[in-house]
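The chain contents come next:
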Amino acid sequence: MAKDSIDLKLIDAVLEHYAPIAGSLVTILQKTQEIYGYLPLDALTKIAEVTGIAPAKIMGVATFYTQFRLQPIGKYLVMLCQGTACHVNGSEQIENAICDELNIVDGQTTEDNLFTLKNVACLGCCSLAPAMMINGEVYGSLTPDKARQILREIQKKEANA
Amino acid sequence: MSEIKIGLGSCGFAAGAQAVLDTLKEMGVSAKQTGCIGMCFAEPLVEVVDDKGSTFYGRVNKNSIKEIVESHLKNGVPVEKLMLSEDDLGFLKKQTRIALRNCGIINPEDINEYKARGGYQAIEKVLKGMTPDEVIEVMKTSGLRGRGGAGFPTWFKWNAAKQATDTPKYIICNADEGDPGAFMDRSLLESDPHTVLEGMMIGGYVIGSNEGILYVRAEYPLAIKRLEIAIGQMREAGLLGKNILGSGWDFDLRIKAGAGAFVCGEETALIASLEGERGMPRLKPPFPAQKGYWQKPSNINNVETFGNVPWIISNGGEAYAKLGTEKSKGTKVFALAGKTKRGGLVEVPMGLTLREVIFNIGGGIKNDKAIKGVQLGGPSGGCIPEKLLDTPIDYDEIAAVGAIMGSGGMIVMDETTCMVDIARFFLDFTQKESCGKCIHCRIGTKRMLEILERITKGEGKETDIALLGELGETIKGSSLCALGGSAPNPVLSTIRYFRDEYEAHILEKRCPAHSCKALINYSIDKDKCTGCTLCARKCPANAISGTAKNPHTVDPDLCTRCGNCVTVCRFNAVNVE
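These protein sequence lines are chains A and B, in that order. The letter at position 11 of the first sequence is residue 11 when you use the numbering used here, and the numbering goes up by one with no holes. Heads up: take any position in the second sequence, counting from 1, add 1000, and you land on the numbering used here.
Chain A extracted, bound-state conformation (with noise of 0.2 Å):
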């Protein structure tokens, strides 16, 4: 991995408050995320500093959970559901939609740092299958056309911006 150039102090605040409570590592995790987008390692590592966790220990979690994320992301999120709803009402073309609109594969982000593709397990908007999320916004009853608008139109707005 290269080396970050991030700030190490965003996360002060966060570890004087979290590091004295037993079991935070997750919470911990979490807001480092929020800061930064994702888990520099070099935060990682004054994580493990600061707690005294082993890096071993948050190197378990972090890889762990689906939420966390050790690479940098774009801009904006795509999370498309492949729940089961979803799955039976055609996830798959919509994923083949967004893939050859952006020409990324889920998990890779986009030359100019613009979507991340990331498919999710569940949105839980199961009757507006099928769904995606995109920065917390949920669009649902998705066709391949109706997929690729949604990211020209984002486009549309970025290039304006």
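Treat the hints as calculated values from the structure; they're not laboratory data. Be aware that one or more of the hints could be misleading.
Unchecked claim - In silico contact screen, one side only, chain B against chain A (beta carbon under 7 Å); selected entries:
hint	residue
1	A1015
2	C1040
3	F1041
4	G1181
5	F1183
6	N1243
7	A1337
8	K1341
9	F1425
Keep in mind the model is a prediction, meaning the values are calculated, not measured. The beta-carbon is built from N, C-alpha and C at its ideal position, and this holds for glycine as well.
Given chain A's structure and the hints, the job is docking chain B onto it.
Same frame as chain A, now just chain B:
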């Protein structure tokens, strides 16, 4: 005085409720915000309540809301063309709502609305005049069983935690709703968080706990937000903190966001995760009631279980036990989805048949296709075929046909759903979610997935069905927790009821549902094709050629079997074989 309500659950937002809300604001109309009433199929949903009663408008958008406001709200003339049909409304009317009694009716961000509907009277009744044993007796009479899926009697768990002598004790709410295809807990937390929190308080009082923790999926930001608001309001109202309602009992609640691991629905894994560890299950016994969170007595119940508790205390155990069957009392909430016409939240008395839920409430199958079966219990459950749809909703009856009640995911499948692919889908899920502790679960599910993948690719071997059965039984018998213990269920139940589909894939290299890509081909019917060119323009692989007004053709070598052409064709001219 007329009032306008708008449903603002995740489904509502996803369907465009924000635009409707914005339009209302622009028009200077103040709308009452509620959670999800459960008619997800008709979102965004707006309800106008006037002296004549309540009128539901479905699939509202920023234009139709203007008409509703001008005509109905301001002039008292309902807009008939925008109203939900009697059929659609039947979805709600045919339900019996206990856990969901306030969903879609109250503003989930206002504790006073919950109180106005009888909220926090149950905890008051308990604190002012019931011993923990008396509460346990009511729970025993009610017959409430764990709604997370296993169906363990709630009173029994509470009693075990109460009898534990060590302190402190913890009451924990399992809101790590991980089954793909289930959203009951999300909707309940988003729409009526207080009923769950009041249920936790009652449970906490009974077992002698002063601290409650909600373990909520991180994928449910709105539920977490509304729980935070609710807990804040409880604290202000003196329902949390020291000496609650003058009882001398102290209690507080906090939220812990999960980090995305299906196995954390298993209670010992959930405890490990709460402690900041990898969410891996531990050996039982000792049970959490003796040694749970930080090795202290802990009681864990599901969201819906807690949601039923205040009603049971207020109305009595007998009233609850009147509903349901001999061994499964009360109601159950289902998340009806898949190929059903009307999907959403359904709460029905136990004992109703699956067919009644799917057809009477769900309205049957989309596009009037033939139903193939229904999947209950998500990755731990099984598929029940059409011929067994008259099975009543009952923990033991459903288990007898090879599925489980589960937490309430009910996915309806039609003739276009390939059952081998569904089995592969669930195995893909459990294989990824296996925590890796037990060898049979970690490696066995992977091997099962590989076999299923090769079957769906048309490379299955004649011995595969027997091998899947053998592997499945071994994994079930050699896994520590319920994830591995139930992971093979979707495969075993589809082999049991849809063996012919497995055989078609393996022996004839054919997918009867026309779903497995490697086993199908697309072609265009020359007689039906009008040469409109739409499919050719929409084909992402440029596999369709032809000139305007002349029949088109598909190049099977270029075709990626994405199915776009079938979706866009208005003349039903694309054949899949």
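Hints, one by one, checked against the model:
Restraint check, A1015 (chain B) versus chain A: the minimum CB separation of about 6 Å is within 7 Å; hint holds. Proximity of C1040 (chain B) to chain A holds as hinted, the smallest CB-CB distance being about 3 Å (cut-off 7 Å). The closest approach between the C-beta of F1041 (chain B) and any C-beta of chain A is roughly 5 Å, which is under the 7 Å cut-off, so the hint is satisfied. Hint on G1181 (chain B) holds. Least Cβ distance to chain A is approximately 3 Å, under the 7 Å limit.
For F1183 (chain B), the interface hint holds, the least distance from its beta-carbon to any beta-carbon of chain A being 4 Å, beneath 7 Å. Because the smallest distance between the Cβ of N1243 (chain B) and any Cβ of chain A comes to about 25 Å, over 7 Å, the interface hint for this residue is violated. The interface hint given for A1337 (chain B) holds, since its Cβ lies 4 Å from the closest Cβ of chain A, which is under the 7 Å cut-off. For K1341 (chain B), the shortest C-beta to C-beta distance to chain A is roughly 11 Å, which exceeds 7 Å, and the interface hint is violated.
With 7 Å as the threshold, the beta carbon of F1425 (chain B) comes within range of chain A, its nearest partner Cβ sitting at about 5 Å, so the hint holds.
The structure is inconsistent with the numbered hints 6 and 8, although it conforms to all the rest.
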